[in-house]
Amino acid sequence: MSYPPQPTLPWSTAGQGPVTYDAYSLPVNDNVNPYAFSVELNGSYFLQKGKMVAYYGDISFQGVGHGALDRLLGQQFNSPLHASDWVVAQGRGKMVLADRAFDLNSYDLDQGNLTVRSGNLLAFEPTLALKQSIIPGFLTLLGTGKFVAASNGPVHFMEPPVRVDPQALVGWADCPAPCHHYDHHYMQGVLGGLRRLTGLGGASGEEHQFEFVGAGQVLLQSSEALMPERSVGQVDAEPGVPGGGLPQQGYQGGHQGGGQQLPNLQVPGLGNLGDLGRRFGL
Amino acid sequence: MPFHKINGKMVEAPVQPGQRMFSQRGAMLGYRGEVSFTPNLTGGQGGVMSMIGRRVANEDTPLMTVEGRGTVLFGHGGHHVHVVDLVGDTLCVEADRLLAFDGTLQQSTLFMGSQGGVMGIVRGQVTGQGLFTTRLSGHGSVAVMAHGGVFELPITPGQPVHVDPQAYVAHRGEVTNRLSSALGWRDMIGRGSGEAFQLELSGQGTVYVQASEEKL
Amino acid sequence: MAQFRLQGSRVLAVDLAGDAVKARNGSMVAYTGQMTFKKLSGGGDGLRGMVTRRLTGEQMTVMEVQGKGTCFFAAQATEINLVRLNGETLFVEADNLLCTEAGLRTGTTFTGLNGMASGDGLFTTKVEGSGWAAVTSNGPAVILRVSQGMPLRVDPGAYVAHTGNLNRSLKSGAGWTTLMGEGGGEAVQAEFTGEGLVYVQPSEKITFGGDV
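Chains as they are written, first to last, in the numbering used here: chain A, 1 to 282; chain B, 1 to 216; chain C, 1 to 212.
One chain only, chain A, in its complex shape (with noise of 0.2 angstroms):
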């Protein structure tokens, strides 16, 4: 029987009093924390609704869609469904941006292209188009500019091949789409048949993964939701699973939610294997 090592009684480190920011000590577009962003604003800038909440100068917010702006916005949105969930911040100033106290990082493409779940995306220079992506849920940043994306703790970048949770997943680079891939093993046999007529049975909630293959950068986040229901081994309508579990109307009714996270409905009975080929539209 050995001991456990043992911690001391902690101390923390000695602090040099909070920094405080003014206007023009606040950072030029970068963080000021891990979860908050400071854009400098000369001109325009688009916006997630409802994720500033400090600035400082003179800065009008206009909804997407609003008149004046429409033209601008025919070029950068090809995304109308998500068009009433931002807002095109307008003017000169610094402004602070924050997203339920999610991590924040921000993104530099340099004519590339990336793809991010729609809840998790902040905000984008206006160098940026905005299209939505064939993943329902997921929306596709190109050309060249910076844009913010929150997520739920840093941020972590894997390469292909890999396999992750659909939860977990805050988007990807330049590699293909992902294709759905379900765990061999679990759709064999008969009881795996039973499973997969009747959606139920000791599921382990890890027998459907989005799979990464090719070049490029996955990332990852530790979970999509703050505080999620918790499984207790339903298969159907995982959160994160783009349509999963919701009866589809058309291909169209690919967003959901508002552009904010993708609601947890439920639909008990058929599991979501059931619906696979019309989930992708195949």
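No lab work stands behind these hints, which were simulated from the structure alone. It is possible that part of the hints are untrue.
What the hints assert, rightly or not - Which bits of chain B does chain C cover? Going by a derived footprint, with three or more residues having C-beta under 8 angstroms, they are:
1. 143–152
2. 162–170
3. 202–215
In this text, all values refer to a predicted model and were calculated from it rather than measured experimentally. Each residue gets a CB set at the ideal place from its N, CA and C atoms; glycine is no exception.
Chains B and C: place on chain A using the hints.
Chains B and C only, in chain A's frame:
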């Protein structure tokens, strides 16, 4: 196999043939290689008695067995993750907070505050604290979840530590525990969940406390 | 004297040597040594405070912690900001005040129609005197300075506290309505002018589950 902490909310664990691991269902974030995840209806080892223990404790923490060859990333619900490496000693942790642990570890269920006998159990039920914990012992890694991260407090003979049952995460070492009602708890009745009940831990070891009064 | 220090960013450790601090009810997560906990009614400013509290629905029940040893406080994994007061006044949303040294006076001020429109409404907790106060925020607070000619506008849901000689007024900026879509329907922003510091949290109250 030691767990490697990637950031505050994610751990990476290597999986090798013949060395299985258990994790909470739905806690896998991503993996490389060929790894299978099998639902574990009996809730790990421990057999029927353990099942009954769980039933009594109203504990429903579905586990899954992780086997194969590769590396797996674990995380859950955006909670902070803390890794404890056991070196032959014992860790007691609330089952809900177990994210993943080595299959080599022995597990059993115990009731915190059992020194209080029946009254202790009643108290546990009354307060809704559900202080049934899983006891893990042996050599291996355990990943534990906590709301807002954990801090460690040493427990030394003659210097007990009192913990809010809702902020209690886990403890290790030769530690006895007792649910006590705080002095002057009548004064606290106003809010129901003031500091009416406290968990007193004494002996030799460490207690892990989270930065929140929110149970997982 | 009570010694305030941070244990990580989300836990407040207070070393007590027989003296007392006031803390939000139920916020103790652990302690070593001997401690007694006593509920204080009304948050320490008598009947008037209680009445205003009743009116505002503020649930700032406060306890007094006294003893020898170290007491650890935390609140829903929120970040803790230590504020050292030297005679100035701290205005803080009641939900965000975690702990104060016994020597500090706390009270409720009526901020009238200039108050924050974020549920706590027209009343704000005022902390005066000399000593340490611990303020919580969902995510580490960004401290923004307001000075002459440099007004600041803040989302009321992200406002936590302020110190100094500040005027605040509610503005219903054009276009703000469209910005605020996220439930709650507070089509307002708070403008701060004067000289002082404003504590802003990187999240909004409405979306912070529970909010006590």
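The hints, checked one at a time:
Counting residues of the stretch 143–152 of chain B whose beta-carbon sits less than 8 angstroms from any beta-carbon of chain C gives 4, enough to reach three: the coverage restraint holds. Coverage of the stretch 162–170 of chain B by chain C holds [criterion: at least 3 residues with CB-CB distance below 8 angstroms; count 4]. Three residues within the 8 angstroms Cβ limit are the bar, and the stretch 202–215 of chain B against chain C gives 7, so the coverage statement holds.
Of the numbered hints listed earlier, not one is contradicted by the structure.
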